[in-house]
Amino acid sequence: MKKVEVKGPSGFEDWSACFRTFRAAAIMIGIASVSALDCYYEHVKRLHAMFGSDLWLLLYQTDMRMRMEQWERIRRRGATERNTLESLGAVHGFNPDRPWDWVIRESVSETAFSFWYGEFESKAILIKAHADRLQHHLGPEVSSLNSALPPGSSGRQHVPPPPPPTGQRPAKRSKIAPQDRSHNLDAQGKYMTTRRGVVICTGYNEGTCTETDMASGGARCRKHPNLAHQCNLCLGWHPANSPGVCPGMTSSTSGAGKGKGKQGKGKGKKKGKW
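Each residue of the sequence shown is one higher than the one before, counting from 1 in this note's numbering.
Some clues are possibly wrong.
Result set (DSSO-like, lysine-lysine): computed pairs, CA atoms no more than 30 Å apart in a straight line [to be verified]:
(1) Lys45 to Lys3
(2) Lys128 to Lys3
(3) Lys128 to Lys45
(4) Lys128 to Lys2
(5) Lys190 to Lys223
(6) Lys45 to Lys2
Restraint ranges, calculated between C-beta atoms of paired labels, are given here [as the list claims (entries may be wrong)]:
(7) Gly93 to Gly11: 26 to 36 Å
(8) His130 to Arg76: 36 to 46 Å
(9) Lys3 to Pro140: 13 to 23 Å
(10) Arg20 to Thr84: 35 to 45 Å
Bear in mind the hints are in silico, worked out from the structure with no lab data behind them. Cβ atoms here follow ideal geometry from the backbone N, Cα and C, with glycine treated the same way.
Take these sequences, add in the hints, and give me the full structure.
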């Protein structure tokens, strides 16, 4: 868990509590009517219910841009339209003594549809269709909260993995993980272990150990289950002392480990199962 200081409410429930406080204050000082404030609240509530809490950051950013940028522009537009209509003897709904009531109503009317669609709905549709990412559309209004979130998220906090212990480097991922593919050869060029690192039974290749256990999913020695019953010349499922069966018997000891079925140079290929 990590405590993060964010700008503004982290969800619609917190925003709703803040808006109710603003609504009560606006009604008390007479800057807006109950109906105008409720229209704005229901508009935000509808968008949140339509697209879900995963896109709350984008919706809150749109709400902030409407209140901080568009409301003043709408107020100036209302004043200009009222002056123009009054010069023609017509009446306009904008009241200079109570401008914000008309502004709040206008900000969620059909004239503001292009703003809400361009800032929120069109982007939300792309994100919901997995054609875009939320982080591509978040601005400085929610930057502090955005920095604490993982890609593609909007309401969950990203918790990074714990760092490695002091003095230790993080383990590197192996391209052939999880098993080791190294070849351990003795002085004669014979395999001492399988590619999985299991020690090969010497008695099996010399013909003195013949009891094999296949129940473990591989050829293991029944007497010593930690030993593998595989050829120490080609890693096949047969003893090394099997003439005509092991391809490694037809090549020099230096050719052991070059792969199954490969013959030394100048040697003909033998047919047969092994």
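Each hint tested on the structure:
With a C-alpha separation of about 27 Å, the suggested pair Lys45 and Lys3 falls inside the 30 Å cut-off, and the hint holds. For the proposed pair Lys128 and Lys3, the alpha carbon gap of about 28 Å is at most 30 Å, so the pair holds. Simply put, Lys128 and Lys45 have alpha-carbon atoms about 18 Å apart, close enough for the 30 Å limit, and the pair holds. Taking the CA atoms of Lys128 and Lys2, the gap is near 28 Å; set against the 30 Å cutoff, the hint holds.
With a CA separation close to 23 Å, the supplied pair Lys190 and Lys223 stays within the 30 Å bound. Distance check on the hinted pair: Lys45 and Lys2 sit about 29 Å apart at the alpha-carbon level, within 30 Å; holds. The beta-carbon spacing between Gly93 and Gly11, approximately 34 Å, falls within the hinted interval of 26 to 36 Å. As the Cβ distance of His130 to Arg76 is approximately 40 Å, the hint placing it in 36 to 46 Å holds.
Evaluation of the 13 to 23 Å hint for Lys3 and Pro140 yields a pass: the beta carbon distance comes to about 22 Å. For Arg20 and Thr84, the hinted distance range of 35 to 45 Å is satisfied, since their beta carbons lie about 37 Å from each other.
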